[in-house]
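Asker: Okay, here's what each chain looks like letter by letter:
There are 4 protein chains.
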Amino acid sequence: MTTFPQKLLDGYQGFLHSTYRKRSDAYRELAAAGQRPEALVIACCDSRAAPEIIFDSGPGEIFVLRNVANLVPPYNAEGRYRSSVASIEFSVVNLGVRHIVVMGHGRCGGVAAALDERRESLDKGDAIGHWISLLDPAIDAVGRGEGHDPVRHVHIDHPEDSHIHPGQDPRQTAVECMSVRQSIENLRTFPYISEREADGRLTLHGAWFDISEGVLWVYDPDEGQFEPALGTSGLRVAD
Amino acid sequence: MTTFPQKLLDGYQGFLHSTYRKRSDAYRELAAAGQRPEALVIACCDSRAAPEIIFDSGPGEIFVLRNVANLVPPYNAEGRYRSSVASIEFSVVNLGVRHIVVMGHGRCGGVAAALDERRESLDKGDAIGHWISLLDPAIDAVGRGEGHDPVRHVHIDHPEDSHIHPGQDPRQTAVECMSVRQSIENLRTFPYISEREADGRLTLHGAWFDISEGVLWVYDPDEGQFEPALGTSGLRVAD
Amino acid sequence: MTTFPQKLLDGYQGFLHSTYRKRSDAYRELAAAGQRPEALVIACCDSRAAPEIIFDSGPGEIFVLRNVANLVPPYNAEGRYRSSVASIEFSVVNLGVRHIVVMGHGRCGGVAAALDERRESLDKGDAIGHWISLLDPAIDAVGRGEGHDPVRHVHIDHPEDSHIHPGQDPRQTAVECMSVRQSIENLRTFPYISEREADGRLTLHGAWFDISEGVLWVYDPDEGQFEPALGTSGLRVAD
Amino acid sequence: MTTFPQKLLDGYQGFLHSTYRKRSDAYRELAAAGQRPEALVIACCDSRAAPEIIFDSGPGEIFVLRNVANLVPPYNAEGRYRSSVASIEFSVVNLGVRHIVVMGHGRCGGVAAALDERRESLDKGDAIGHWISLLDPAIDAVGRGEGHDPVRHVHIDHPEDSHIHPGQDPRQTAVECMSVRQSIENLRTFPYISEREADGRLTLHGAWFDISEGVLWVYDPDEGQFEPALGTSGLRVAD
Numbered sequence: 001m002t003t004f005p006q007k008l009l010d011g012y013q014g015f016l017h018s019t020y021r022k023r024s025d026a027y028r029e030l031a032a033a034g035q036r037p038e039a040l041v042i043a044c045c046d047s048r049a050a051p052e053i054i055f056d057s058g059p060g061e062i063f064v065l066r067n068v069a070n071l072v073p074p075y076n077a078e079g080r081y082r083s084s085v086a087s088i089e090f091s092v093v094n095l096g097v098r099h100i101v102v103m104g105h106g107r108c109g110g111v112a113a114a115l116d117e118r119r120e121s122l123d124k125g126d127a128i129g130h131w132i133s134l135l136d137p138a139i140d141a142v143g144r145g146e147g148h149d150p151v152r153h154v155h156i157d158h159p160e161d162s163h164i165h166p167g168q169d170p171r172q173t174a175v176e177c178m179s180v181r182q183s184i185e186n187l188r189t190f191p192y193i194s195e196r197e198a199d200g201r202l203t204l205h206g207a208w209f210d211i212s213e214g215v216l217w218v219y220d221p222d223e224g225q226f227e228p229a230l231g232t233s234g235l236r237v238a239d
Numbered sequence: 001m002t003t004f005p006q007k008l009l010d011g012y013q014g015f016l017h018s019t020y021r022k023r024s025d026a027y028r029e030l031a032a033a034g035q036r037p038e039a040l041v042i043a044c045c046d047s048r049a050a051p052e053i054i055f056d057s058g059p060g061e062i063f064v065l066r067n068v069a070n071l072v073p074p075y076n077a078e079g080r081y082r083s084s085v086a087s088i089e090f091s092v093v094n095l096g097v098r099h100i101v102v103m104g105h106g107r108c109g110g111v112a113a114a115l116d117e118r119r120e121s122l123d124k125g126d127a128i129g130h131w132i133s134l135l136d137p138a139i140d141a142v143g144r145g146e147g148h149d150p151v152r153h154v155h156i157d158h159p160e161d162s163h164i165h166p167g168q169d170p171r172q173t174a175v176e177c178m179s180v181r182q183s184i185e186n187l188r189t190f191p192y193i194s195e196r197e198a199d200g201r202l203t204l205h206g207a208w209f210d211i212s213e214g215v216l217w218v219y220d221p222d223e224g225q226f227e228p229a230l231g232t233s234g235l236r237v238a239d
Numbered sequence: 001m002t003t004f005p006q007k008l009l010d011g012y013q014g015f016l017h018s019t020y021r022k023r024s025d026a027y028r029e030l031a032a033a034g035q036r037p038e039a040l041v042i043a044c045c046d047s048r049a050a051p052e053i054i055f056d057s058g059p060g061e062i063f064v065l066r067n068v069a070n071l072v073p074p075y076n077a078e079g080r081y082r083s084s085v086a087s088i089e090f091s092v093v094n095l096g097v098r099h100i101v102v103m104g105h106g107r108c109g110g111v112a113a114a115l116d117e118r119r120e121s122l123d124k125g126d127a128i129g130h131w132i133s134l135l136d137p138a139i140d141a142v143g144r145g146e147g148h149d150p151v152r153h154v155h156i157d158h159p160e161d162s163h164i165h166p167g168q169d170p171r172q173t174a175v176e177c178m179s180v181r182q183s184i185e186n187l188r189t190f191p192y193i194s195e196r197e198a199d200g201r202l203t204l205h206g207a208w209f210d211i212s213e214g215v216l217w218v219y220d221p222d223e224g225q226f227e228p229a230l231g232t233s234g235l236r237v238a239d
Numbered sequence: 001m002t003t004f005p006q007k008l009l010d011g012y013q014g015f016l017h018s019t020y021r022k023r024s025d026a027y028r029e030l031a032a033a034g035q036r037p038e039a040l041v042i043a044c045c046d047s048r049a050a051p052e053i054i055f056d057s058g059p060g061e062i063f064v065l066r067n068v069a070n071l072v073p074p075y076n077a078e079g080r081y082r083s084s085v086a087s088i089e090f091s092v093v094n095l096g097v098r099h100i101v102v103m104g105h106g107r108c109g110g111v112a113a114a115l116d117e118r119r120e121s122l123d124k125g126d127a128i129g130h131w132i133s134l135l136d137p138a139i140d141a142v143g144r145g146e147g148h149d150p151v152r153h154v155h156i157d158h159p160e161d162s163h164i165h166p167g168q169d170p171r172q173t174a175v176e177c178m179s180v181r182q183s184i185e186n187l188r189t190f191p192y193i194s195e196r197e198a199d200g201r202l203t204l205h206g207a208w209f210d211i212s213e214g215v216l217w218v219y220d221p222d223e224g225q226f227e228p229a230l231g232t233s234g235l236r237v238a239d
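Heads up: the sequence lines are chains A, B, C and D, in that order. Residue numbers for the first sequence follow the numbering used here, so the first one is 1 and each next one is one higher. Residue numbers for the second sequence follow the numbering used here, so the first one is 1 and each next one is one higher. Residue numbers for the third sequence follow the numbering used here, so the first one is 1 and each next one is one higher. Residue numbers for the fourth sequence follow the numbering used here, so the first one is 1 and each next one is one higher.
Don't take each hint at face value.
Result set (BS3-like, lysine-lysine): computed pairs, CA atoms no more than 30 Å apart in a straight line [to be verified]:
#, chain 1, residue 1, chain 2, residue 2
1, A, Lys22, B, Lys22
2, C, Lys7, D, Lys22
3, D, Lys7, D, Lys22
4, A, Lys7, D, Lys7
5, D, Lys22, C, Lys22
Because the hints were derived from the structure by calculation, they are not lab data.
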């Protein structure tokens with residue numbers, strides 16, 4: 001008698017009888033041939049920001065690393081068991097992905113914790129306290145007025161909301177976006193990444209998903225800003 | 001002009017116009033109220049084993065950590081930026097999840113790499129080499145004949161395959177399953193986990209997904225074995 | 001500038017970017033090769049009882065006739081333009097379907113109208129008044145006590161409802177089910193159907209979908225009753 | 001022991017465990033409150049052209065009449081049991097839909113049968129022979145050169161096909177589209193429809209779905225032509 005969560009078992013039956021039933025050939029082929037994903041997506045553990053849902057991905061399409069606040073540590077950070085760095089290395093060196101997407105999202109609990117004034121009192125011995133200290137460079141940059149407006153503030157033609165970030169703290173949004181940029185910079189400190197980016201085998205991308213309105217923003221390195229992935233004309237979504 | 005992968009943009013349009021359109025209320029409520037996932041799922045980065053797909057989960061349901069080979073390091077492992085440990089801590093201490101599911105899967109590239117005889121020649125300075133050394137206890141146990149048969153070998157009523165692991169190396173399957181058990185043991189070395197497990201606030205679970213046939217196995221701690229989540233009668237899936 | 005309903009256009013984008021994107025190969029093959037559906041499903045126009053949704057069908061799988069109250073007139077009914085009879089004929093004679101499923105459903109507006117005492121005042125010149133008079137044999141049979149209990153009244157292990165028909169009029173349910181049986185009898189008056197049923201090329205089936213709890217009942221001709229399609233053990237659905 | 005088609009039972013499990021599980025609240029509310037669909041969609045029985053799939057519709061959204069070749073007979077056609085006319089009447093008079101969409105589609109077997117030269121030999125006593133004679137006005141109009149080009153022939157930016165109708169007979173496409181226009185004209189012969197259209201309570205629309213490329217065309221009454229629903233810029237669909 002298993003005590004496995006019933007909700008997950010119920011959902012698994014949905015997968016088995018619907019998704020798997022319709023795509024069993026794809027699963028069997030992928031099992032036999034092995035995976036060849038084109039992209040690594042680095043996303044937050046947040047229950048509202050699953051990359052396979054947001055990108056409507058089928059089996060075999062994306063290799064996904066998820067940690068709190070979708071952070072990439074610098075390459076030379078110490079530690080024997082570097083789970084995120086190891087996952088990045090496996091995807092680039094062993095699987096040869098051609099794209100890496102760092103995807104942040106709105107209302108991130110990890111970013112909120114890092115911005116919490118009571119954070120000083122966090123026990124620095126805790127793993128989460130150390131981990132979110134990786135956000136410090138982004139917080140500092142936003143504090144200095146850099147990247148003060150990393151998300152282009154367009155008005156959205158939306159019935160209820162005239163602004164893209166209803167109910168969201170602009171400073172937190174700025175840190176979320178700036179941190180994506182910082183993680184991309186950190187990825188460039190990995191020798192095997194900078195090398196592949198230089199010769200065109202690998203491209204780095206940033207994105208930010210707003211959770212509430214379902215809008216995806218992508219980073220435009222030329223402008224140094226995030227812009228709606230579908231352009232502003234694509235933002236309206238009828239209810 | 002963005003160079004964002006077109007395939008991901010196409011998929012995002014599918015999400016926006018189908019999933020989000022149908023569930024925009026849920027997304028907005030989750031954005032306003034915050035997430036309250038009941039379970040943390042620790043899964044592999046593998047492109048064929050996304051927990052939200054396998055458990056057919058909606059937004060807000062599961063908090064998901066993904067690293068290569070779905071491994072949990074021991075609590076006292078050194079290192080400043082412990083991405084997996086920090087994510088586990090955040091889900092248990094900050095979000096108060098009631099379940100942790102460690103889900104392994106068949107044909108895992110990380111496990112295959114750890115079993116590769118040429119592994120000796122891997123540069124131990126690499127992050128992945130160190131990371132998959134976390135599999136050593138499971139490999140050793142399987143080598144000693146412990147957990148020799150962690151998956152109950154039932155015959156499946158399936159048109160093409162009379163066995164649950166067609167084309168899969170039995171030793172690798174054994175290591176994949178034994179490693180899930182090892183990760184559960186490692187979770188119990190986390191003080192805030194053992195404490196919550198003792199007083200009933202938290203339950204630990206193991207699972208293994210076979211990729212090819214879509215069958216989910218769950219760990220039965222009483223039997224020390226994995227069994228089909230739906231029982232053997234539920235295994236047949238018509239094409 | 002089109003005035004096409006925006007809601008349908010929004011939904012079409014969901015189809016195009018999600019379902020079609022994932023299954024474009026199947027659509028192209030079906031376009032090139034032509035359809036070969038195995039079953040004709042005769043269902044109601046009701047907005048809550050679409051066969052492709054209830055049977056989770058992909059493109060090419062079922063040929064679907066829909067009219068108010070999922071009725072089949074007798075073969076020899078007069079009229080030059082017999083839309084339902086023509087559709088049945090096309091599926092059986094031209095396409096060679098191997099199954100015909102007549103699927104009724106709970107809370108059917110057509111059946112409710114036929115049972116309405118004010119029905120006498122309906123202008124018999126109206127098409128709907130004549131059409132639902134096809135329900136008279138089923139209403140008479142239920143009135144005579146035949147098929148008084150066409151649905152086996154099992155108790156369901158359901159959190160909120162101890163009965164399968166919460167809030168539904170038992171007499172209407174009885175007519176809905178008896179009418180499915182009547183339509184199957186009417187189908188047997190079609191020469192090309194009785195001939196094919198006799199030599200095993202075609203099988204006739206009845207079903208009833210309860211709308212509220214999502215439970216599908218299928219007709220068991222041996223017992224003369226409808227029973228849960230998955231058996232009573234499969235009825236529980238966690239929320 | 002039921003002989004109900006196993007494929008439909010398997011699909012029903014997919015519905016029950018996935019779609020219904022996620023939307024049980026909507027189903028229960030719709031069961032309790034009754035349906036209030038905004039549109040009637042008149043579509044073909046074809047297994048590749050289900051309106052709920054093409055418009056990604058949820059429960060309660062569209063009322064659907066399906067017959068071979070999505071035809072509407074003239075109001076005053078004889079016959080006691082007029083299934084299509086009765087269904088239209090029920091949706092307009094009883095349910096008060098605000099839109100009627102007549103949706104044709106490519107490679108329609110009913111239209112192909114009507115254009116078949118051997119049609120003369122069809123037994124006119126058959127229901128299908130009479131039914132598809134409703135296509136005669138459309139065939140005649142196309143023969144006279146009217147509506148010679150009811151679909152605007154744009155070139156599509158598509159990797160494989162430079163034309164919207166690969167492998168399709170242009171004459172059949174023209175009849176399919178012309179017939180949608182004819183059915184709209186026939187709807188206007190229904191007194192309760194012309195009355196409601198005149199005072200703005202009801203709007204009539206035409207559409208055509210190409211099956212192969214997934215493109216939906218909508219009828220523009222001002223231009224007398226069908227145009228891509230999303231404009232030509234929306235036609236590209238990545239693999």
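Asker: Under the constraints set out in the numbered hints, which ones does this structure not fulfil?
Answerer: none
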